[in-house]
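Kindly produce the complete structure, drawing on both the sequences and the hints.
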Amino acid sequence: MGSLVLFIYLFVVYLLPCTLWVRLIAAVPAVALLLLTWLGPPEKRLGSAGKAVVVTGCDTGIGNALARYLDKLGYRVFAGCLYADGEGATELRGQCSDRLHVLQMDVTDAHQVSSAAAQVHKIVRDNSESLWGVVNNAAVNGLGELEWISLDQFKWVTEVNLWGSIRVIQAFLPLIRRSKGRVVNMSSISGRMSFPCNSPYCLTKYAVEAMSDSLRHEMYKWDVKVVLVEPANFAGATNFFKKENIEKILRGVWSKMSDSLKEEYGTEYFDYVLQSMCSWSGQGSSDLQPVLTAVEDALTVQQPRERYVAAPFAVQYILHMLFALPTSWVDMGFTFMCGRSSLPQAKKEPESHPEAPSTTTSSSASPLTPDENDNIINVNGSAANGNLGQ
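So the sequence shown is residues 1 to 390, counted in UniProt numbering.
Each statement offered as a hint is correct.
20 Å max Cα-Cα, derived EDC-like pairs, lysine to aspartate or glutamate: (1) Lys-180 / Glu-218; (2) Lys-180 / Glu-306; (3) Lys-256 / Asp-271; (4) Lys-155 / Glu-209; (5) Lys-262 / Glu-145; (6) Lys-180 / Asp-223; (7) Lys-348 / Glu-147; (8) Lys-72 / Asp-297; (9) Lys-155 / Glu-145; (10) Lys-347 / Glu-147.
Label pairs and their calculated CB-CB ranges: (11) Arg-305 / Ser-128: 27 to 33 Å; (12) Leu-46 / Gly-252: 42 to 48 Å; (13) Phe-313 / His-217: 26 to 32 Å; (14) His-111 / Ser-279: 39 to 45 Å; (15) Lys-248 / Thr-335: 25 to 31 Å; (16) Arg-305 / Trp-222: 14 to 20 Å; (17) Pro-312 / Lys-248: 26 to 32 Å; (18) Glu-263 / Leu-46: 55 to 61 Å; (19) Pro-326 / Ala-49: 46 to 52 Å; (20) Arg-305 / Lys-72: 19 to 25 Å; (21) Pro-326 / Gly-50: 44 to 50 Å; (22) Thr-335 / Ser-258: 24 to 30 Å.
For the record, the hints were derived by calculation from the structure and aren't laboratory data. As the structure is a computational prediction, the values presented were derived from the model and not from experiment. The beta carbon of each residue, even a glycine, is placed where N, CA and C say it ideally should be.
See below:
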């Protein structure tokens with residue numbers, strides 16, 4: 001936050017109606033403080049010896065990479081997987097040290113979560129260690145506009161991303177309190193700024209942010225640190241966000257919409273949404289190091305920040321500026337980027353008096369189960385029959 005204030009100060013100095021020399025002189029203190037911030041003494045860190053960390057959603061993506069990374073740092077890692085015998089879990093067992101343990105853990109299943117907590121308690125006790133951290137990483141996503149997506153699909157995303165995180169925290173918090181350790185909740189920049197065609201994911205990440213803030217206040221008395229990690233666009237680090245997969249998901253959503261709603265939006269608008277989402281996925285970074293480093297800082301820095309924006313340095317500053325802008329400005333930016341070509345068919349046609357629309361405006365599918373994944377996807381790579389991770 002201090003760096004952001006200094007950046008704004010420099011921007012204001014640049015706009016001042018004065019000579020170049022006055023601007024340069026006024027900017028010197030800010031530049032000096034920025035250099036002290038970046039080049040100052042390193043933050044004091046805590047070691048990993050005798051400490052264990054639980055990570056959820058380790059089948060693929062960020063969770064899988066994070067389990068490997070923490071194993072290399074020397075932690076005893078408990079990798080929660082939706083499929084304990086799946087490909088991702090098998091690779092973790094074969095490629096990591098004997099300190100890594102794979103846990104069968106569907107975060108929507110209370111029995112599996114409590115069973116995993118019992119296993120962790122036994123192993124850390126038998127090895128005279130402590131549970132130092134819990135990283136809530138498991139999450140799923142839903143694609144499409146709010147009007148297109150059924151309420152049951154919204155509920156499923158919430159069940160994994162929010163209730164699943166709370167379920168895991170409640171199960172492991174007694175051990176974390178004893179060690180005065182860390183709770184690390186994987187949020188997203190979508191928990192600070194909402195994006196179109198992503199409302200199920202955004203609303204759950206806003207909720208995770210609020211829950212984490214409340215928990216942080218509650219844990220002060222226990223000397224437990226609660227930290228949020230907010231990754232930017234890392235779609236390039238996964239295999240799922242390929243054009244053919246996004247197209248399959250969105251066409252599945254479209255096929256379940258009522259005929260009247262499809263007629264109002266039109267296929268041209270649908271094609272625009274599909275093209276935009278494919279373009280967004282292509283812009284995502286393939287390097288997860290900023291995310292891994294942010295989680296490492298959350299676990300090891302003696303006095304960690306409340307929030308870590310996981311993104312390249314330049315992207316962090318752009319995001320901080322966007323977070324600080326008035327909502328109306330950001331909305332205008334989205335409108336400008338979308339343009340007239342993105343209007344639904346009904347908005348392009350002359351006003352008329354159509355027949356009353358069908359009361360069914362979105363999917364009427366039955367409640368989702370972990371085996372139904374038409375438009376529920378893992379945010380990091382796989383069709384999410386559950387909660388493979390971010």
